[in-house]
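Listed in order, the protein sequences are those of chains A and B. For the first sequence, this note's numbering gives the first residue as 1, with consecutive numbering after it. For the second sequence, this note's numbering gives the first residue as 1, with consecutive numbering after it.
If you're looking for bench data, these hints aren't it; they were derived computationally from the structure.
Label-pair distances were calculated between CB atoms; the ranges are:
1) 60(A) to 119(B): 39 to 47 angstroms
2) 11(B) to 60(A): 42 to 50 angstroms
3) 85(A) to 289(B): 47 to 55 angstroms
4) 25(B) to 158(A): 55 to 63 angstroms
5) 38(A) to 8(B): 45 to 53 angstroms
Here the structure is a predicted model, which means the values were calculated and not measured. Beta carbons are placed, not taken as given, at the ideal position from N, Cα and C, and that holds for glycine.
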Amino acid sequence: MINLRIDTRASDVAVSPSENGQSDVILMTRNLNFWYGNTLVLENIDCDVRPREVTAIIGPSGCGKSTFLRCFNRMNELIPTARIAGSVVFRNRDIYDRAVDPVEVRRQVGMVFQKPNPFPKSIYDNVAYGPRVNGYKGDMDEAVETSLKRAALWDEVKDDLKKSGLALSGGQQQRLCIARALAVQPDVLLMDEPCSALDPIATTRIEDLIRELREQLTIIIVTHNMQQAARISDRTAFFTVAESGAGTLVEFNDTQQLFTTPSDERTEAYITGRFG
Amino acid sequence: MSARATAAVPSPDVWRASQARRRWSGWLFYGLAVVSTMMGLVMLGALLFDIFTDGARQVDWHFLSNYPSRIADNAGLRSALLGSLWMLAFTAIIAFPLGVGAAIYLEEYAPDNWLTRFIQLNIANLAGVPSIVYGLLGLGLFVRWLALGRVVLAGSMTMALLILPLIIVASREAIRAVPDSLREGSYALGATRWQMVRQTVLPSAAGGILTGTILALARAIGETAPLITIGALTYVAFDPNGPLDIFTVLPIQIFNWVSLPQKEFHSLAAGGIVVLLVVLLTANSLAVYLRYRMQRRLQ
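Go ahead and model the full structure; you've got the sequences and the hints to work with.
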């Protein structure tokens, strides 16, 4: 049995939202169903994400965590057979409405992937990529510097911004990808197991970064690592595979509460290591 | 316990026979592979040796700057060399954008349905159509129907048709080799599809696309049959100065010299082959160099 330690720092940041006066909702799904071809992958997901919080999504493999995450920036529709029903509301607007351009959604809802995927360009051009494609008119040097500083990478790369992004270490590459995502000033940052390809030290740095970024934006992070969810998130959603084979949201609660007093026995079984 | 004891461990001899056979067949295959490589190398070496001993001393400034002549001592291949270069330039101008455009459409835009697959299959098959068939098409379409006449442009358009499938296939391979993670990364930053293609896919695929294009152009410069079919001349004693001039090309000039009975002209043909080979090898080295530079820039 895994003994879950809840980091004290994590409980410090897990201020209940009402105290901050931030009980509003930035992202909301209602009756969200998702198919690949004829296979139902997500079934009736209702989920409210609060602004300026870290929301962790945990659950066993194949429960649709990543698919769910990618519903928030319409990345799933790049897969030809994907089909979605229900609504995903971002700032009171259904992002799957016909009038909504996915390109605009993706500027506001950024994403960091499981494997660091810097472009085969210089560090500078990697960060400037987003502002450029979005027609940013301001000072590019400043935008690049600010983004690299926000991603805690500036001090390590400021002297060779012309170096290829691929020349960096894995952890640096992932922070470069975070800087790249931050450069278009998104309101929400989606992170799909951002540390799974990194060593423990690089992981710690990314986790520290997530805690800092939480002050400025909303973060939704999929993680396989329950300790990580406990350390960095305010609230945690537990997904599992229902008997129908589709992913389903079992429990969504304050992280501390979910890990200490889960209300569903499937959650308890998972977090105590009995399955998954 | 007893059941486990009876499941006897097989004696090592059981493996020994198979090991000897495997080692033997490994050596056999190694030998076959070496022989196959040598066959190619020896043939190429013999060919180059034969041509260069005969032709290398023909190649001088006189040979490059004079027009063909009935008198072997005066003959050169100036008009054929210029004709080849003009034709090559316009073939590249026509075939490169069309080929790369088609490859981008097929890889990045086309939906995956039976029509797309049908088109892809046919393009792959077109790469195998005999070149003389393209010559007939060019004769009917460009020379006669468009009434261009037997000019450089008609030849270039015919050659462009011939190498278009090669460029499309090579470009598609290069585009497909770009990892999807880069496409996703680009989309996730709010890029449109065209921005994603222009700024992420094309720079990464550029090395492969250029290599494929240059190799296809190298094929075009060596082709003879389609140009004879559309009626390129065999004797040209003036410079082709633009796309609408009549012309001849190096392979036709070489063929012409070879078919004459006098021995001196056969040496001239060897000289022409040397020039053609130099042009070809230059193009291929350029392809290798470009690919190397692109890859280095990306790493």
